[in-house]
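Engineer: Same order as they appear, the protein sequences are chains G and A.
So in this note's numbering, spot 408 of the first sequence is number 408, and the numbers just go up one at a time.
For any residue, its number in this note's numbering is found by taking its place in the second sequence, counting from 1, and adding 558.
Simulated from the structure, these hints should not be mistaken for laboratory data.
Be a bit skeptical, because a hint or two may be false.
[As the list claims (entries may be wrong)] Counterexamples of contact, computed for chain G against chain A with all Cβ distances above 12 Å: (1) W64; (2) A106; (3) G218; (4) R238; (5) V243; (6) T269; (7) A281; (8) E290; (9) H377.
[Said to hold, decoys possible] Pairwise CB distance ranges, derived in the manner of DEER restraints: (10) A/V697 x G/G26: 26 to 32 Å; (11) G/G26 x A/S745: 24 to 30 Å; (12) G/G26 x A/A693: 22 to 28 Å.
From a predicted model like this one, the values you see are computed outputs, not experimental measurements.
Note that CB positions come from ideal geometry on N, CA and C, so glycine has one too.
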Amino acid sequence: MSGPNQVGVVVGGSLTKSLEVRLDPGASAALGHYVMAPLDGGAQLLGMVTDIVLRSAEAGSVSWPPPAGDDPASALLREVLQDTGVYTAVEVTPYLEVDLTGGDNARARRLPRHFAPVALADQETIDAAFAVDEKASINLGTPLGMDRVEVCVDIEKLFERSAGVFGKSGTGKTVIAVEMLDARVQHSANRPTSADRTVALVFDMHDDYGQRIKFEGGERASLKGLHPQDVAVYSLERNAINVERRIEIGTRDIKPEDLDVLRDVTSLTAPGVEASHECEARLGIDWVDEITQPVPSAAVVRRLWGDEDAPEDVNWARVASRMGVHPGSFDNLRRGLRSLVRREFVRSGESQVNDVINHVVKTLQGGKSVVVQFGRHGNDLTSYMLVANMLSRRIWEEYREAKEQAQGNRTKEPNRLVIVIEEAHKFVDRALAGQSIFGQIARELRKYNVTLFVIDQRPSQIDSEVLSQIGTKFCFQLDSDADVDALVGGVAGRAALRQVIASLESRQQALVFGHALPMPVIVRPPDLPAVRTPGASLRDRLQQQRPAGAPSPAGLFG
Amino acid sequence: MTPTPRVVEAGLRGFACAYERYLEDPFRLGQFVAVREGPCVVLGVVTDSASGPEDPSRPLQPRGAADQSAADVMTANPEIRLLLRTRVSVVSCGHIEGEAARPTLPPMPPPLLARVEPASAAETVRMASDATFLALLVVAPGCDDAAIAASVRTAAEAFGTGAHEFRVRAGKELARLLRAEPARLTSIMRGIGA
Numbered sequence: 001m002s003g004p005n006q007v008g009v010v011v012g013g014s015l016t017k018s019l020e021v022r023l024d025p026g027a028s029a030a031l032g033h034y035v036m037a038p039l040d041g042g043a044q045l046l047g048m049v050t051d052i053v054l055r056s057a058e059a060g061s062v063s064w065p066p067p068a069g070d071d072p073a074s075a076l077l078r079e080v081l082q083d084t085g086v087y088t089a090v091e092v093t094p095y096l097e098v099d100l101t102g103g104d105n106a107r108a109r110r111l112p113r114h115f116a117p118v119a120l121a122d123q124e125t126i127d128a129a130f131a132v133d134e135k136a137s138i139n140l141g142t143p144l145g146m147d148r149v150e151v152c153v154d155i156e157k158l159f160e161r162s163a164g165v166f167g168k169s170g171t172g173k174t175v176i177a178v179e180m181l182d183a184r185v186q187h188s189a190n191r192p193t194s195a196d197r198t199v200a201l202v203f204d205m206h207d208d209y210g211q212r213i214k215f216e217g218g219e220r221a222s223l224k225g226l227h228p229q230d231v232a233v234y235s236l237e238r239n240a241i242n243v244e245r246r247i248e249i250g251t252r253d254i255k256p257e258d259l260d261v262l263r264d265v266t267s268l269t270a271p272g273v274e275a276s277h278e279c280e281a282r283l284g285i286d287w288v289d290e291i292t293q294p295v296p297s298a299a300v301v302r303r304l305w306g307d308e309d310a311p312e313d314v315n316w317a318r319v320a321s322r323m324g325v326h327p328g329s330f331d332n333l334r335r336g337l338r339s340l341v342r343r344e345f346v347r348s349g350e351s352q353v354n355d356v357i358n359h360v361v362k363t364l365q366g367g368k369s370v371v372v373q374f375g376r377h378g379n380d381l382t383s384y385m386l387v388a389n390m391l392s393r394r395i396w397e398e399y400r401e402a403k404e405q406a407q408g409n410r411t412k413e414p415n416r417l418v419i420v421i422e423e424a425h426k427f428v429d430r431a432l433a434g435q436s437i438f439g440q441i442a443r444e445l446r447k448y449n450v451t452l453f454v455i456d457q458r459p460s461q462i463d464s465e466v467l468s469q470i471g472t473k474f475c476f477q478l479d480s481d482a483d484v485d486a487l488v489g490g491v492a493g494r495a496a497l498r499q500v501i502a503s504l505e506s507r508q509q510a511l512v513f514g515h516a517l518p519m520p521v522i523v524r525p526p527d528l529p530a531v532r533t534p535g536a537s538l539r540d541r542l543q544q545q546r547p548a549g550a551p552s553p554a555g556l557f558g
Numbered sequence: 559m560t561p562t563p564r565v566v567e568a569g570l571r572g573f574a575c576a577y578e579r580y581l582e583d584p585f586r587l588g589q590f591v592a593v594r595e596g597p598c599v600v601l602g603v604v605t606d607s608a609s610g611p612e613d614p615s616r617p618l619q620p621r622g623a624a625d626q627s628a629a630d631v632m633t634a635n636p637e638i639r640l641l642l643r644t645r646v647s648v649v650s651c652g653h654i655e656g657e658a659a660r661p662t663l664p665p666m667p668p669p670l671l672a673r674v675e676p677a678s679a680a681e682t683v684r685m686a687s688d689a690t691f692l693a694l695l696v697v698a699p700g701c702d703d704a705a706i707a708a709s710v711r712t713a714a715e716a717f718g719t720g721a722h723e724f725r726v727r728a729g730k731e732l733a734r735l736l737r738a739e740p741a742r743l744t745s746i747m748r749g750i751g752a
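Please build the complete structure, drawing on both the sequences and the hints.
Structural biologist: Have a look at this one:
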């Protein structure tokens, strides 16, 4: 192998750390580039450039560097010493042994010989490495500096387990999430039956997943805009238009377990939330309406004191004492609940949410994805968390029930569901992961056909057990060492990956690694063109081979 | 007609040649020369040149009036030139056998009294193109840094428009050969680039 793609030769290294490749004169390779080197037996070792080092052949060249200045002798000496006395080497972390003849790929267990030629990986090798040629896949983008090469990932494998997109604000998290979901919806639409479709339930904090997505590059069609027949939008806004249903929550719908996750974003304390269990048990289904009143109602007095003589001046402090709850905790609970019920989408009295849940579940199981838009409530984290948690818990319970009733009969099982949440660390932080439904979903993997797609800025705040269950991770630029460590901890070659993440630019560069990929990849995700085609990043052989104008499988089978 | 020197001492690693008399403009330092007699053409680089009396026991005495130049004195005393000799030291840097130009030691020394001629530009380019001839010069005891630098300068002239590329190529070869002697490399490179 010696061609235009060759960049250097192997001069040393180790399997557990990295290969050292001396660059050929005039050749260059950048962090994140894929390179390959031949192994004995015909396979190619595929690795990623994880460091670049300047070396000297002997100490003399750098101990006595050529003089600075523009005189011809100095300039000539500098030119002469390049790639002789001093040279550039790259460190390559070996990941895969790729069999280009169609055999199975394997984790790197061998190294190329000394002086083996090293070349930038070509499309054929990348495709063989990611083994997507026969499967529907998503185009993740181009590896950095390799604009002619696309990295694709098996779409089923990507959504088989929970996935996460992490990065600072403005790095492109939402754009790539929309791209992934767009491909997901398109691929599902091509499936013959609803049961075969994987659907998404998106809790859309900033209205990015409905008709349009706004980002720094402008405004583009989003999920509903691209897939009007396959996506249903629900909204918390009273006057929302073009939506399936408005979501309202009745005070009777609020359960003590719904309050657990709000502790971080409201003034609710743990004893306050604990008191809610007692209130529900003692005051019945209207407990929220009751304790948010200025004074205890006759019904409360009747329930607590029954046939006994109630004191004449019953107040909330006496009520708390009667229930055996600390008055301070009880006050904390009342304050927290009063702030909740003031929200426009919370209605006093009747249960509202069951009807919505039924509708959403029917929509999801009918093969449509659902986007829950928060409108102006999107800036209110409490509203977002309350609704996302309440809906997810109940929908997950529906899925669990359906799955258990199917008793292993695959035809009766519900279709697969991906729940998309933003600000995930608020739901599954270290203190709350045990209580949060999202922690449970992540831990149970796909046991009930429900997985997570989390979008977050602070992965270090996510419970480590939950984070370890995130199968595929998209990592955009992160500043905090703790966040980087949380993501790469436990991953082979984490020291090198840490350096790679540190080198990511602030926009549109991501390190993707984990379950769906055989090796990490730094990519520049595809741009969103002004005129978008549904499922533009989907590579689907079935779809490509269908003649223009022919009905889609979905159209044939409903 | 320019006198032609002849080989007066010969070895595999180098040889000495002498003119029949004193010559003001003998082969220049670093010049590529060729001995075309014998089984192969031996190519070498001039590393030293010296002139003096043929008989060391009879040193040259200064003479001439105050206003006479050296040329005037020689013209006025033509017998002096016959008593003097110019001698040139050459380090072998390769040989040509048939079509093959090899930057290695010749298989045998050039014949004594063989004529030593300037190498042609084509011979110089063939011998110097990959700059590996420098390996012989770097280790030759009689070849100092100035001679090495001069040889590269001289050879570069034969490359015409490719002179700079040749200088870089030669420099890289020297950098490889002298990787443990950065000061020497710097000294030679200054000589080349000057």
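Engineer: A separate judgement is required for each hint: does it hold in the structure or not?
Structural biologist: Taking the hints in turn, this is what the structure says about them:
1. Listed as a non-interface residue, G/W64 fails to keep its Cβ farther than 12 Å from every Cβ of chain A; the least gap is roughly 4 Å.
2. Chain A leaves G/A106 outside its interface by the beta-carbon criterion, the shortest separation being 39 Å against a cut-off of 12 Å.
3. In this structure G/G218 is separated from chain A by more than 12 Å, as the shortest Cβ-Cβ distance comes to about 49 Å.
4. Its beta-carbon lying about 76 Å from the closest one in chain A, G/R238 satisfies the requirement of being farther than 12 Å from that chain.
5. Distance check on G/V243: its Cβ is at least 70 Å (rounded) from any Cβ of chain A, clearing the 12 Å threshold; non-interface status holds.
6. With a closest Cβ-Cβ approach of about 71 Å to chain A, G/T269 is found to remain outside the 12 Å limit, as its non-interface label requires.
7. The Cβ of G/A281 sits about 84 Å from the closest Cβ of chain A, beyond the 12 Å cut-off, so the non-interface label holds.
8. Chain A leaves G/E290 outside its interface by the beta-carbon criterion, the shortest separation being 88 Å against a cut-off of 12 Å.
9. Its beta-carbon lying about 68 Å from the closest one in chain A, G/H377 satisfies the requirement of being farther than 12 Å from that chain.
10. Separated by about 30 Å at the C-beta atoms, A/V697 and G/G26 satisfy the suggested range of 26 to 32 Å.
11. For the hinted restraint 24 to 30 Å between G/G26 and A/S745, the CB-CB distance of approximately 27 Å keeps it satisfied.
12. Here the CB-CB span from G/G26 to A/A693 is close to 24 Å, well matched to the stated 22 to 28 Å.
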